[in-house]
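*Asks:* Here's the letter readout for the chains.
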Amino acid sequence: MTTPILEIRNLHARIEDREILKGVNLIIPPGEVHAVMGRNGSGKSTLSYVLAGKADYEITEGEVLLDGENLLEMDPAERAAAGLFLAFQYPIEIPGVATMTFLKAAINAQRKARGEAEMSTPDFMRAVKTAGTDLQIDTAMLKRPLNVGFSGGEKKRAEVLQMALLQPKMCILDETDSGLDIDALQVVSKGVNALRSAGRSMLIITHYQRLLNYIVPDVVHVFSDGKIVESGDKDLALQLEAKGYADFDGAAA
Amino acid sequence: MADYDHIPTLKENIDRATVDSVLSLDVDKYKYGFESAIESDMAPKGLSEDTVRFISAKKQEPEWMLEWRLDAYRRFLTLTEPNWAKVHYPQIDLQDMYYYAAPKSTPAPTSLDEVDPALLEMYEKLGIPLREREILAGVERPNVAVDAVMDSVSVVTTFREELSKVGIIFCSMSEAIREYPELVRKYLATVVPVTDNYYATLNSAVFTDGSFVYIPKGVRCPMELSTYFRINEKKTGQFERTLIIAEADSYVSYLEGCTAPSRAESQLHAAVVELVAMDNAEIKYSTVQNWYPGDKDGNGGIYNFVTKRGDCRGANSKISWTQVETGAAITWKYPSCILRGDGSRGEFYSIAISNGYQQVDSGTKMIHLGKNTSSRIISKGIAAGFSDNTYRGQVSAHARAKNARNFTQCDSLLIGDKCGAHTVPYIESRNGSAVFEHEATTSKISDDQMFYCQQRGLNEEEAVALIVNGFVRDVLQHLPMEFMVETQKLIAISLEGSVG
Ligand SMILES: Nc1ncnc2c1ncn2[C@@H]1O[C@H](COP(=O)(O)OP(=O)(O)OP(=O)(O)O)[C@@H](O)[C@H]1O
Ligand SMILES: [Mg+2]
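As they're listed, the protein sequences go chains A and B.
Heads up: the first sequence runs through residues 263 to 515, numbered per the numbering used here.
Heads up: the second sequence runs through residues 293 to 792, numbered per the numbering used here.
Be aware that one or more of the hints could be misleading.
[Said to hold, decoys possible] Label-pair ranges, simulated between beta-carbon atoms:
id : chain 1 : residue 1 : chain 2 : residue 2 : range
1  : B       : G708      : A       : T392      : 35 to 43 Å
2  : B       : G338      : A       : S382      : 56 to 64 Å
3  : B       : D740      : A       : Q429      : 55 to 63 Å
4  : A       : T392      : B       : E753      : 52 to 60 Å
5  : B       : R366      : A       : E355      : 23 to 31 Å
6  : B       : E474      : A       : D385      : 53 to 61 Å
Treat the hints as calculated values from the structure; they're not laboratory data.
It should be emphasised that the depicted structure is a prediction, and the values quoted were computed from it without experimental measurement.
Every residue gets a Cβ at the ideal spot worked out from N, C-alpha and C, and that includes glycine.
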């Protein structure tokens with residue numbers, strides 16, 4: 263059996279004394295795209311932060327393996343270098359740091375951590391050019407400080423640009439579709455689809471079935487009150503869209 | 293489609309050779325903490341009339357200079373140390389210091405072959421950019437002239453010949469006193485009077501060396517002039533004296549870089565820098581100061597009490613100070629501009645980083661005397677560890693200064709919660725038409741910013757360095773290329789250990 267890219271077993275996490283993740287189980291094999299849908303406040307972003315290693319949470323139980331390695335022992339930068347990428351629901355502004363500068367710093371930091379040589383400037387320029395063109399990102403935007411004054415849609419596109427350049431193994435996209443107009447949704451979806459490959463898995467958090475018409479998932483999970491309560495194929499998303507979450511609330515018990 | 297091939301980033305803009313040489317530098321905790329084994333010729337310990345006479349004699353100074361020094365010394369005896377700056381330090385025992393230490397050597401070298409190899413090695417250890425070392429080795433066409441001041445004597449002065457072809461004088465102060473006494477007498481202490489302040493008076497009595505620059509009328513200096521200061525001998529106060537004169541319609545850019553070896557005793561550095569700009573002249577003075585800040589408990593380190601002042605004496609003249617302060621245990625420094633000529637302009641761009649137990653009290657003064665004078669101040673203070681970082685700025689318009697304009701922006705960034713940043717602006721206007729604007733912000737590096745950077749693969753120190761480099765970007769871009777990469781590197785080094 264091949265090693266899953268992501269394997270979460272009975273994950274419990276709390277913030278202060280409030281438990282938010284209450285036993286998450288999830289296995290994503292290589293190349294698969296899984297969608298997670300669920301009510302506001304059910305803990306989807308918390309799951310993504312816990313996986314990425316944000317300090318605010320205390321993990322009380324459970325285990326997470328990234329491509330067979332113990333993820334929870336790594337610090338956030340090590341997780342990134344190991345191939346975990348999170349496209350933030352709310353990307354953070356870094357004043358004064360040009361997007362280009364940030365991209366290059368991130369790529370080279372990961373390479374350094376993996377013991378690889380720095381990416382040469384021409385290679386970097388080429389990679390940015392390709393990825394930027396695909397995502398219809400304006401050159402001028404790349405010279406601006408990262409996320410500062412970017413529109414909602416621009417921020418999301420910049421997240422996907424970073425993902426494209428960092429070539430992660432495991433992509434977590436937290437509501438990357440929110441704030442995108444109809445055309446941008448297609449552009450971004452195309453960008454994400456272009457990254458689908460046999461060795462790369464994705465976890466896509468979304469509220470809208472519409473995104474899943476563009477990025478067709480292998481599995482859809484329903485998240486409720488801190489855990490996954492139902493899993494199915496892409497039709498599960500259609501079912502949710504039609505009936506809402508009420509049917510699944512009971513299952514959480 | 294958009295063209296991505298021509299997006300300049302800070303780094304790519306800079307000459308490859310400089311980048312490579314800087315990148316190859318050892319970035320250990322304090323990389324300049326070594327002592328070089330060059331013998332010294334020292335004055336007797338302590339401050340006295342004899343010390344002053346000894347220095348003057350060593351320098352083979354004319355009688356008038358000795359008298360000038362003795363006069364300063366007598367005035368100094370009547371002064372007491374200032375205590376208004378927001379810095380605290382043990383009483384400095386002026387009798388427990390040496391005031392003169394010259395590298396022991398035969399007559400001044402006429403070519404680089406005659407230079408002590410230990411000195412050349414020191415340049416290398418200091419990480420003097422490759423390009424400049426090549427110049428020292430005579431490899432490349434020069435565009436940076438280095439006047440190396442090690443301890444108290446200028447040991448090597450390069451490319452004076454090329455400069456002298458266009459009439460530029462670039463030499464040590466002691467040489468200027470001997471060779472160009474009329475110029476020195478005409479300008480010395482006309483910007484910073486002998487009795488200006490305690491440290492300036494002390495400097496006047498015992499200054500040992502420094503740089504002298506004279507740019508004749510209408511000449512644009514063809515290269516950046518640069519000096520590397522270094523305190524080398526134990527317990528040697530460093531009293532530099534620099535004088536730069538830009539005649540009408542001339543231009544010069546001067547770079548000053550500082551490093552010092554680490555050691556237990558605190559050391560006093562009390563330099564005086566005077567700039568004079570005549571009609572339409574422009575002087576750009578850049579400093580990267582990286583002196584030993586003391587160990588992590590706050591012991592040792594340099595005391596840096598410096599008087600730097602520029603006089604925009606001529607109409608439409610311009611003086612701009614750009615400084616990066618990352619070293620020293622205590623910094624007390626206010627590069628200032630006297631905007632005397634009508635239409636003259638003063639600029640001050642500053643990055644001051646304090647970490648550990650460093651104390652920085654720095655800022656500027658813009659004194660508007662002439663009509664239509666303008667000034668601009670951008671100060672970026674970064675405090676980490678247990679440090680204290682104070683910006684103290686004075687902007688004043690005198691009665692005649694019609695339409696004086698100032699814009700001040702003062703931003704502080706705090707890293708951690710044990711450090712402090714303070715902004716102390718003094719604004720004074722005696723002319724109703726003056727418009728002074730002041731903006732100040734204080735911010736912290738947020739946990740969210742740190743997490744975001746780390747999620748992208750940067751470790752904590754890399755993340756801090758990147759965010760801080762972003763914070764100081766407005767000032768960084770005013771530095772000459774030679775200093776930019778080095779400065780980014782320095783910022784990272786000086787903030788090591790500030791997180792986690
Ligand atoms: N710092 C915190 N302190 C206390 N509660 C918190 C904190 N951060 C998050 N929570 C709570 O945890 C719960 C889960 O939040 P989370 O952001 O993971 O939800 P979500 O499923 O991503 O919601 P949405 O769909 O609205 O993005 C919410 O009730 C939220 O208020
Ligand atoms: Mg969320």
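*Asks:* Taking the hints in turn, state whether each one holds.
*Replies:* Hints, verified against the model:
A hinted range of 35 to 43 Å holds for the C-beta pair G708 of chain B and T392 of chain A, which are about 40 Å apart. Checked against the hint of 56 to 64 Å, the C-beta distance between G338 of chain B and S382 of chain A comes to roughly 58 Å, which is consistent with it. Remark: the range hint 55 to 63 Å for D740 of chain B to Q429 of chain A is contradicted by a beta-carbon distance near 25 Å. At about 31 Å, the CB distance of T392 of chain A to E753 of chain B disagrees with the hint of 52 to 60 Å.
Judged by the Cβ atoms, the range 23 to 31 Å given for R366 of chain B and E355 of chain A is violated: they are separated by roughly 59 Å. A beta carbon spacing of about 59 Å between E474 of chain B and D385 of chain A agrees with the range 53 to 61 Å that was offered as a hint.
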